[in-house]
Amino acid sequence: MKIVVLVKEVPDTWGERLLDLETGLADRVSSERVIDEIVERGLEFAISFAEQNDGTEVIALSMASEEATGTLRKALAMGADRGVLIVDEALHGADITLTAQVLAAALEHIGFDLIVSGDQSTDGAGGVVPSAVAELLDIPQLPRLATVDLNEKEVTGAHVTDRITLSLSAPLPAMMSVSERFAEPRFPNFKGIMAAKKKPFEVLGIAELGKDISVLDRPRSIMTEIAGKPPRESGVKVIADENSGRDLAEFLKKNQLI
Amino acid sequence: MTNNILVLLDVSADGSLAPSSHELLGAAESLGTPVALLVGYSEHRNALAQAAADAGATKVLLADGDDGAYVVPVVDALAAAFELTKPDAVLAAHSDLSKEAVARLAVRVGCAVNVDAVNVTRDSEGVVAHHSAYGGAYTVASSATFGAPVITVRQGSIEARAGKQPLASEALTVASSNRKSATISSVTIADAPTTSRPELRGAKKVVSGGRGLGSAEKFELVEELADALGAAVGASRAAVDAGFVPQSFQVGQTGVQVSPNLYIALGISGAIQHKAGMQTSQTIIAINKDETAPIFEIADYGIVGDVFIVVPQLIAALKR
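Those protein sequences? They're chains B and V, same order as listed. To convert, take the position in the first sequence, counting from 1, and add 3; that gives the numbering used here. To convert, take the position in the second sequence, counting from 1, and add 9; that gives the numbering used here.
Looking at chain B on its own, in the form it has when it is part of the complex (with noise of 0.2 Å):
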């Protein structure tokens, strides 16, 4: 079985973010980028599921700048069989339809029996790249699993969300995207890391995928305007004592808080 999993690169969640405001890009430069969190554990699935499954291929993709290279090796150190990162001048700030597009047809060069995708990342938020890239591909998609079975011919898992709980079923090819409630990822190991090293990695430009995939061919989203907003301040700040409670009582009444 071939198992892609859409690896995405985002700044670290825990350090500050910046965007830049002359390009309305993220500011790589300041930020450390790492792995989106949520895609560690759909790795995790994938990669596990290979470990107990003979002939089980995983691929980690990923549609980013060169730099990118840094963080597919982590994938790869965690045991996924190959890296495939596409690269394109064409591609910078690349909108959601544009970002489906391309995956749509990494994905067809590549071959796949099951694509595996984090719900939404930390950064965009939007969680809509991999419903576009099933839609493209016309392949079933189970969206947000919080448990997932899979066997050579169909994939089946919960889907949940805040109190519906779906049963969903797809025969095999079928994408997957994994939520929060999934198994927690590894942490790569010195073997692992020095493994990763020999892997196969290719880095591929749009004209190698052998779609026609233009950038002006369809309406695509553009930022037009981008500001920071100034910080914000800190107000009154004082010790407890015994009438803290009543003063914040009377701070909120003033206000009309409550």
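No lab work stands behind these hints: they were computed from the structure. A couple of the hints might just be wrong.
[Said to hold, decoys possible] Okay, the calculated bits of chain B under chain V, using three or more residues with CB under 8 Å as the criterion:
id, segment
1, 134-147
2, 172-186
[Unchecked claim] No more than 27 Å apart at the CA atoms, straight line, and that leaves these computed lysine-lysine pairs for DSS-like:
id, chain 1, residue 1, chain 2, residue 2
3, V, K328, B, K240
4, B, K240, V, K227
5, V, K328, B, K256
6, V, K298, B, K256
7, V, K298, B, K240
8, V, K298, B, K257
9, V, K227, V, K328
10, V, K213, B, K256
11, B, K214, V, K189
12, V, K189, B, K5
13, V, K189, B, K156
[To be verified] Distance ranges between label pairs, derived from CB positions:
id, chain 1, residue 1, chain 2, residue 2, range
14, B, T72, V, L176, 52 to 60 Å
15, V, I318, B, K257, 21 to 29 Å
16, V, S25, B, I196, 51 to 59 Å
17, V, R206, B, G238, 22 to 30 Å
18, V, Q291, B, D23, 24 to 32 Å
19, B, E111, V, D236, 47 to 55 Å
20, V, D236, B, M197, 49 to 57 Å
21, V, T192, B, G238, 51 to 59 Å
22, V, R206, B, R184, 15 to 23 Å
Every residue gets a Cβ at the ideal spot worked out from N, C-alpha and C, and that includes glycine.
Assemble the complex: chain B is given as a structure, and chain V must be docked to it using the hints.
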């Protein structure tokens, strides 16, 4: 230009019109003529159509759903409605099902997608979506290079409401695309929460607890204050990771993002991860033992002290 704004409406688990409908129709009215689309829920159809008209839909298109197929029937209905109404924009809630449905519509019919908007406006070039990026640290506007944009709207972000309209509903004929979808083999709906506590997403008041609460039992203090204020309950990631509350309570970059009028942070240090989920709140109150906690940097009113002493005082004062 038809001036139509096609609005995909969500339905709550209990079969009533989802709260997001009011803001979507309010936003649509500020852009043009709101035409609503309801897919499925045939047993509630009349009540839903009436509720949609009351919330400002000038026309309500009713499409049959398919309870056994995931999302594709909704996309097929959207495509039919798009063809019929030739809208200037498509609006939907940034909810799990709707955002997927409209993203699929966008690639199917060839539209640009703008997600998680907190406001929409119109200029001479067309409809513009406004976003709040990286937890409110940036504001960004986006629009389509050409054609009608598909826009998902963050729930609870739009104040505008549309005036009541007379009910005009119409059955929508939908041709199946025969696209492959996942099969829904069962649906389980959890009981509605027994408390009258508001839902975290879109709440006007939120009380959140952090690791400073110490344990799941002691986290009850957060709930007590929330109930005294009629607020929703949230938590920091640290509290969730420590197992005090389920992950659905998590406020932050990897949880729910809230923007209430009042946010009270109890025993929360204020890591960037957490701030990204709440720093657009109107008024922030922080109570924490550690006077160097970063949460105080963004708090309008900070109390350096023990939550187990200050909060009971506050609850007593509120009850007086």
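Review point. When the hints from earlier in the document are held up against this structure, which numbers fail?
Key: Result: no hint breaks.
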